[in-house]
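A.B. asks: Here is what each chain is made of, one letter per residue.
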Amino acid sequence: MLYRTAGQFKTSYKADQALFPVRQDAFLLTIILVFAWVIFPLTASEFAFQTLLIPILIYSLAAMGLNILTGYAGQLSLGTAAFMGVGAYACYKLIAIMDPILAILLSGVFSAGIGVVFGIPSLRIKGFYLAIATLAAQFFLVWLFEKWAWLYNYNASGAIQVPNLTSFGVFVTGPQATSVTQYYVILAIVTVMTILCINLTRGTLGRTWKATRDMDIAAELIGINLMRSKLTAFAISSYVVGVAGAMFVFMWRGAAEPNLFDIPLSFQILFIAIIGGLGSILGNYLGAILIVGLPVVLNTVPELMGLEIKSATVEHINIMIVGSLIIFFLIIEPHGLARLWALIREKLIIWPVPH
Amino acid sequence: MKHFTKLTAAAVLAVTGVAAAAESLYVPNLSYRTGPFASTGIPLMNGQKDYMEMLNARDGGIGGVKIDFEECETGYSTEKGVECYERTKGEAIVTQPWSTGITLQVLPKTNVDEIPILAPGYGFSPMADGKTFQWAFNVPGGYWDAADMIVQYLEGQDGGVSGKKIAFLHLDHPYGKEPLPLLNSLAEEKGFELLPIPVGLNEMQNQSAQWLQVRRERPDYVVMWGWGAMNAGAITEAVKTKFPMENFIGVWWSGQDADLRLVGDEGVGYKSISWSFPNPDAGVHADIKEHVVDAGKSLSNAEEMGGVFYNRGLVMSMILAEGIATAQAEYGEAMITPAQLRWGLENLNITAERLEELGMTNMVPPFSTSCANHTGHAGGWMLEWDGEKFAKVSDQLTPRVDAYKPLLEGSAAEYAAANEPWAVNEDCNAES
Chain A
1 MLYRTAGQFK TSYKADQALF PVRQDAFLLT IILVFAWVIF PLTASEFAFQ TLLIPILIYS
61 LAAMGLNILT GYAGQLSLGT AAFMGVGAYA CYKLIAIMDP ILAILLSGVF SAGIGVVFGI
121 PSLRIKGFYL AIATLAAQFF LVWLFEKWAW LYNYNASGAI QVPNLTSFGV FVTGPQATSV
181 TQYYVILAIV TVMTILCINL TRGTLGRTWK ATRDMDIAAE LIGINLMRSK LTAFAISSYV
241 VGVAGAMFVF MWRGAAEPNL FDIPLSFQIL FIAIIGGLGS ILGNYLGAIL IVGLPVVLNT
301 VPELMGLEIK SATVEHINIM IVGSLIIFFL IIEPHGLARL WALIREKLII WPVPH
Chain B
356 MKHFTKLTAA AVLAVTGVAA AAESLYVPNL SYRTGPFAST GIPLMNGQKD YMEMLNARDG
416 GIGGVKIDFE ECETGYSTEK GVECYERTKG EAIVTQPWST GITLQVLPKT NVDEIPILAP
476 GYGFSPMADG KTFQWAFNVP GGYWDAADMI VQYLEGQDGG VSGKKIAFLH LDHPYGKEPL
536 PLLNSLAEEK GFELLPIPVG LNEMQNQSAQ WLQVRRERPD YVVMWGWGAM NAGAITEAVK
596 TKFPMENFIG VWWSGQDADL RLVGDEGVGY KSISWSFPNP DAGVHADIKE HVVDAGKSLS
656 NAEEMGGVFY NRGLVMSMIL AEGIATAQAE YGEAMITPAQ LRWGLENLNI TAERLEELGM
716 TNMVPPFSTS CANHTGHAGG WMLEWDGEKF AKVSDQLTPR VDAYKPLLEG SAAEYAAANE
776 PWAVNEDCNA ES
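As you go down the protein sequences, you meet chains A and B in turn. Under our numbering, the residue at position 299 of the first sequence is numbered 299, and the numbers go up by one with no gaps. Under our numbering, the residue at position 95 of the second sequence is numbered 450, and the numbers go up by one with no gaps.
Simulated from the structure, these hints should not be mistaken for laboratory data. Idealized CB from N, CA, C, for every residue including glycine. Honestly, I wouldn't trust all of these hints.
Selected chain A positions facing chain B (Cβ under 10 Å, derived; list incomplete) [said to hold, decoys possible]:
| id | residue |
| --- | --- |
| 1 | ASN164 |
| 2 | PHE168 |
| 3 | ALA312 |
Computed spacing ranges between beta-carbons, pair by pair [as the list claims (entries may be wrong)]:
| id | chain 1 | residue 1 | chain 2 | residue 2 | range |
| --- | --- | --- | --- | --- | --- |
| 4 | A | LYS93 | B | ASP414 | 47 to 57 Å |
| 5 | A | ILE97 | B | ALA768 | 46 to 56 Å |
| 6 | B | GLU510 | A | LYS93 | 51 to 61 Å |
| 7 | B | ASN656 | A | PHE139 | 36 to 46 Å |
| 8 | B | PRO761 | A | ARG228 | 54 to 64 Å |
| 9 | A | ILE319 | B | ASP649 | 28 to 38 Å |
| 10 | B | GLU775 | A | VAL297 | 57 to 67 Å |
| 11 | A | PHE139 | B | GLU645 | 53 to 63 Å |
With the hints as extra help, turn the sequences into a complete structure.
C.D. replies: Here is the structure:
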């Protein structure tokens with residue numbers, strides 16, 4: 001009923017391959033965009049910005065970067081956090097000479113370079129063995145962030161602190177920046193990146209990645225240059241992850257020490273990608289909402305209900321609930337939340353008369 | 356529908372509950388009773404909580420208003436800490452961030468949000484400069500005070516420190532690196548050799564590599580800046596490698612009874628500098644027993660309550676309570692604002708007589724603060740493990756603040772410059 005496709009005729013191949021073959025999809029997306037661009041910023045409290053909206057967007061972007069590599073090109077990576085770190089530290093050095101927003105966008109270039117270097121082994125090793133190679137990147141880079149004092153300007157505490165910086169006369173980073181400004185900067189970057197990623201994965205490059213993922217020997221036989229395919233996946237994925245890392249520190253955390261980029265963060269992003277759905281763009285957002293947003297919301301529930309529970313107990317219950325939800329979703333749909341949505345959508349299209 | 360009515364009822368209850376509780380001062384504590392650092396966190400947080408519960412039960416709070424002392428669980432994670440800060444800052448009159456990482460994160464925000472940040476004995480040492488860090492307090496002593504007092508104590512031992520080799524075993528984290536600038540300058544001045552040995556966050560429980568280095572380098576002393584699982588790891592490793600315990604000295608966060616109880620007699624001689632000391636005969640313990648423990652409101656136990664950390668928790672809450680009381684007296688109102696509390700914390704005067712009135716004799720050295728001095732530099736004692744408990748082995752030590760004042764001010768100025776525009780306290784004329 002709601003998703004009736006009757007009367008929507010496609011008269012050309014182009015229309016059939018369009019981004020939104022069903023009109024309702026475009027309508028739904030418009031509603032979401034209106035919420036994200038207008039309604040949330042107007043109504044959200046400081047708490048909502050800092051613990052829900054901003055982190056969900058940043059984590060979604062990081063997961064999207066990983067998804068390009070793991071979900072589309074099939075190269076398993078456990079080094080996401082380290083590549084985020086490269087972006088953050090590069091941004092820290094770049095802000096000294098340029099506008100902060102430009103620095104954030106450029107910092108991805110550095111992590112792309114590092115990503116390509118650590119991607120070279122992927123030409124020879126595959127699957128779990130490649131995961132171990134990226135794990136090496138993870139440990140090596142975090143060690144480098146600790147030992148190379150030039151990276152954090154020889155700060156005695158070894159941490160990087162985000163200064164107050166302006167872009168076009170408005171504070172965009174540091175404690176002087178308002179949450180709304182930071183939210184809009186992040187949202188703009190994430191929106192542009194998402195559009196780029198959707199189009200990349202639908203285009204030639206995306207198709208070569210998918211061919212590489214599904215069967216690399218067959219892909220090579222039909223004339224795909226595996227080296228180019230894998231290394232572009234590493235480069236683009238690391239670029240997106242690096243930008244997410246720069247925003248992670250500069251637009252949200254405000255300070256970072258090297259161990260922030262340690263393996264737990266890599267796992268968290270990998271889980272977002274897996275639970276959201278590998279090989280999907282939408283999945284990253286759904287995964288981030290579940291893994292990053294839900295615990296925050298759950299934490300406020302006992303208080304809203306007027307229950308007196310100790311905060312340590314709330315934390316324990318929270319971990320249990322989120323854990324069981326992850327298991328629940330993986331049981332009912334192992335291919336992730338994005339696939340779950342796809343199934344619901346298909347059911348809606350044929351409802352109320354399923355064949 | 357039934358559910359909905361229940362929910363609405365709960366919501367209404369919650370709202371009225373908040374309204375009824377409006378006549379209390381909201382004092383959140385960003386605690387960590389979960390995670391790898393819980394073992395060190397729990398006794399401290401129990402102490403803090405019990406003292407406030409005691410005030411509520413005995414005196415009906417402070418100045419006639421109850422203290423709404425609420426914990427927000429962080430698990431020592433910086434991310435959760437910031438979440439807790441954002442959640443509590445609207446109503447709170449103070450923030451107690453409880454980790455050097457969270458403190459560094461929250462420090463620039465409090466200067467914009469104008470909420471006092473109370474970090475007793477931890478955080479960024481240059482916070483002592485109250486003119487620059489007008490909202491931050493690390494009473495009654497910062498890490499540089501601790502480092503200076505340890506060196507002072509070693510100077511008093513036979514042979515002094517000149518020409519000696521001192522290994523600095525520290526957590527490779529902002530917390531562990533904090534005293535390095537001061538130790539480096541002291542090494543130069545006093546002529547000892549400083550050998551920093553970092554312990555990574557994932558090597559805390561297995562420090563064999565670090566202790567191998569200690570054995571190879573044969574330092575005269577090992578000074579430790581450890582926390583959580585690292586303390587127990589280092590102490591057991593020191594016992595295993597037969598390092599002479601009397602030459603092993605920890606900061607005040609490395610002096611927990613439970614860590615030493617693991618090794619018992621083998622740990623005899625281990626030392627820890629401390630600005631607090633348990634005094635089981637003090638009046639405060641009797642009051643807590645009567646109003647909190649017997650009422651069944653305490654989460655602690657007898658063994659823990661005799662320990663260094665629980666008692667330090669009591670002192671921390673006492674400092675905050677005194678700050679609140681001072682502000683209430685100055686402004687003549689019970690419901691103080693964050694800005695008024697800041698005045699209270701800047702004008703603390705904890706004398707020996709006041710400590711006796713509070714029932715805390717000898718639990719902390721007397722100290723006072725001013726708008727320029729946000730630390731108080733109370734000093735402390737060197738404690739030594741005697742196999743069962745910690746005992747004082749030195750007279751009260753006082754940090755030689757004048758000697759490193761330029762370093763403090765330099766770091767504070769550097770921080771302010773890096774965080775332009777940074778609001779400083781222009782009205783403060785006091786020297787220190």
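A.B. asks: The structure should be examined with respect to each hint, and the outcome stated for every one.
C.D. replies: Structure-based check of all given hints:
| no. | hint | in the structure |
| --- | --- | --- |
| 1 | ASN164 | holds, 6 Å |
| 2 | PHE168 | violated, 17 Å |
| 3 | ALA312 | holds, 4 Å |
| 4 | A:LYS93 to B:ASP414: 47 to 57 Å | holds, 55 Å |
| 5 | A:ILE97 to B:ALA768: 46 to 56 Å | violated, 23 Å |
| 6 | B:GLU510 to A:LYS93: 51 to 61 Å | violated, 41 Å |
| 7 | B:ASN656 to A:PHE139: 36 to 46 Å | holds, 41 Å |
| 8 | B:PRO761 to A:ARG228: 54 to 64 Å | holds, 58 Å |
| 9 | A:ILE319 to B:ASP649: 28 to 38 Å | holds, 34 Å |
| 10 | B:GLU775 to A:VAL297: 57 to 67 Å | violated, 36 Å |
| 11 | A:PHE139 to B:GLU645: 53 to 63 Å | holds, 54 Å |
The structure shown violates the earlier hints numbered 2, 5, 6, 10.
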